[in-house]
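Asker: Single-letter residue listing:
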Amino acid sequence: MNVLNFQREVRSKMSEIRRIGTGARWSDVVIHAGVARWVEVAEDGKSDTTEQVRQVLAQIDTTLAELGTSRERVLQVMIYLADLADAPTLNRLWDFWVVPGQAPSRACVQAGLSGTLKVEMLVMAAVD
Amino acid sequence: MNVLNFQREVRSKMSEIRRIGTGARWSDVVIHAGVARWVEVAEDGKSDTTEQVRQVLAQIDTTLAELGTSRERVLQVMIYLADLADAPTLNRLWDFWVVPGQAPSRACVQAGLSGTLKVEMLVMAAVD
Amino acid sequence: MNVLNFQREVRSKMSEIRRIGTGARWSDVVIHAGVARWVEVAEDGKSDTTEQVRQVLAQIDTTLAELGTSRERVLQVMIYLADLADAPTLNRLWDFWVVPGQAPSRACVQAGLSGTLKVEMLVMAAVD
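Going line by line, the protein sequences match chains R, Z and P. Just so we're aligned: 88 in numbering that gives the first Met the number 0 is position 89 of the first sequence, and the numbers increase by one with no gaps anywhere. Just so we're aligned: 5 in numbering that gives the first Met the number 0 is position 6 of the second sequence, and the numbers increase by one with no gaps anywhere. Just so we're aligned: 52 in numbering that gives the first Met the number 0 is position 53 of the third sequence, and the numbers increase by one with no gaps anywhere.
Keep in mind that the hints are not guaranteed to be accurate.
Just a few of them, taken from the derived set where beta-carbon distance is under 7 Å, the chain Z residues facing chain P [to be verified]:
#: 1; residue: S14
#: 2; residue: I16
#: 3; residue: R17
#: 4; residue: I19
#: 5; residue: T21
#: 6; residue: A23
#: 7; residue: R24
#: 8; residue: W25
#: 9; residue: H31
#: 10; residue: A32
#: 11; residue: G33
#: 12; residue: W37
#: 13; residue: V38
#: 14; residue: Y79
#: 15; residue: G111
#: 16; residue: L121
These stretches of chain R come out as covered by chain Z in the derived footprint (C-beta under 8 Å, 3 or more residues) [unchecked claim]:
#: 17; segment: 14 to 27
#: 18; segment: 104 to 116
By construction, these hints were calculated from the structure, which means they are not laboratory data. Quick reminder that beta carbons are idealized off the backbone N, C-alpha and C, glycines included.
Next comes chain R alone, as it looks inside the complex (with noise of 0.2 Å):
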């Protein structure tokens, strides 16, 4: 490859913008400059928040597979709970999600949800 065809590429794969999953509001899933970013909540937000919570880490799994990406190279989840006594719970299974000597930038506070969402994820992830 020469000069000009790499400067082609790292221009295109830099700027070029990819989506997910798009519909009328949102799209499941944008990626860009090699960083997925994406939001999660429970298929099942009537379910209780150990089940939520346990939805939600499945479906990140789900994505990461779809991205070709995997948990090791999850960047920074910013996670909302419904309520903040709910932390333990969420605690127990985000800590037997985690890779060990993977773990990803994270912050977590209570913020009103949606309906009866207990739980939601902003997730960010190499995929390059």
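Given the structure of chain R, go ahead and fit chains Z and P onto it with the hints provided.
Answerer: Okay, now just chains Z and P, sitting in the frame of chain R:
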């Protein structure tokens, strides 16, 4: 262009930080590595929710134009509502604003906002 | 350096993930593609708001130094206050901390924080 110059160009493009509207407390926009980040609240923070959402989306358009980019290249919007009951009002205007097939990743939670603010959006857009 | 080595170097620089202070639940800092992300809460979470803000800003300085970067290269700070009434206290210390002409993008909302925490900051800084 030779390889060495290209290396310099790529590195300088990567590392440069550009700011717009820098004050003592924050910059209106910060651009780095092809991504612009900014926070938008309504200029008239005393208006009702519909008007605040309308203003915020219009202000995003203005910033996008100033950055030489567009709605199609918005990567993620984190929305804070002072009251989740305003979500239908938000969504009515939001769904009209989104470019079909090019929706960003989006999260929307309820959080306490300053004064009479009803909505606050953190926007991330590609500018490369 | 030839083109092939440079390609390898750029790609490895892009894709490499570096972590600092990795525990079972999170990493203190995660660095990828020239951007470091981390979450800061006061080491003494039982102190008053002034002291917690002071500590958080000092801890950010320590992390910036450890990363070989500086306040001038902070891109965005997302601030969660347990009580928005503490915003004037935050701003007094914040405005003094910000480097004139180099302010980051900033958002500040009220959210529920763990235990006696008064402030939590999500920091993003350029390290390239």
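Asker: Taking the hints in turn, state whether each one holds.
Answerer: Structure-based check of all given hints:
no., hint, in the structure
1, S14, "holds, 4 Å"
2, I16, "holds, 6 Å"
3, R17, "violated, 11 Å"
4, I19, "violated, 10 Å"
5, T21, "holds, 5 Å"
6, A23, "holds, 5 Å"
7, R24, "holds, 6 Å"
8, W25, "holds, 4 Å"
9, H31, "holds, 5 Å"
10, A32, "holds, 6 Å"
11, G33, "violated, 10 Å"
12, W37, "holds, 6 Å"
13, V38, "holds, 4 Å"
14, Y79, "holds, 5 Å"
15, G111, "holds, 3 Å"
16, L121, "holds, 6 Å"
17, 14 to 27, "holds (count 10)"
18, 104 to 116, "holds (count 4)"
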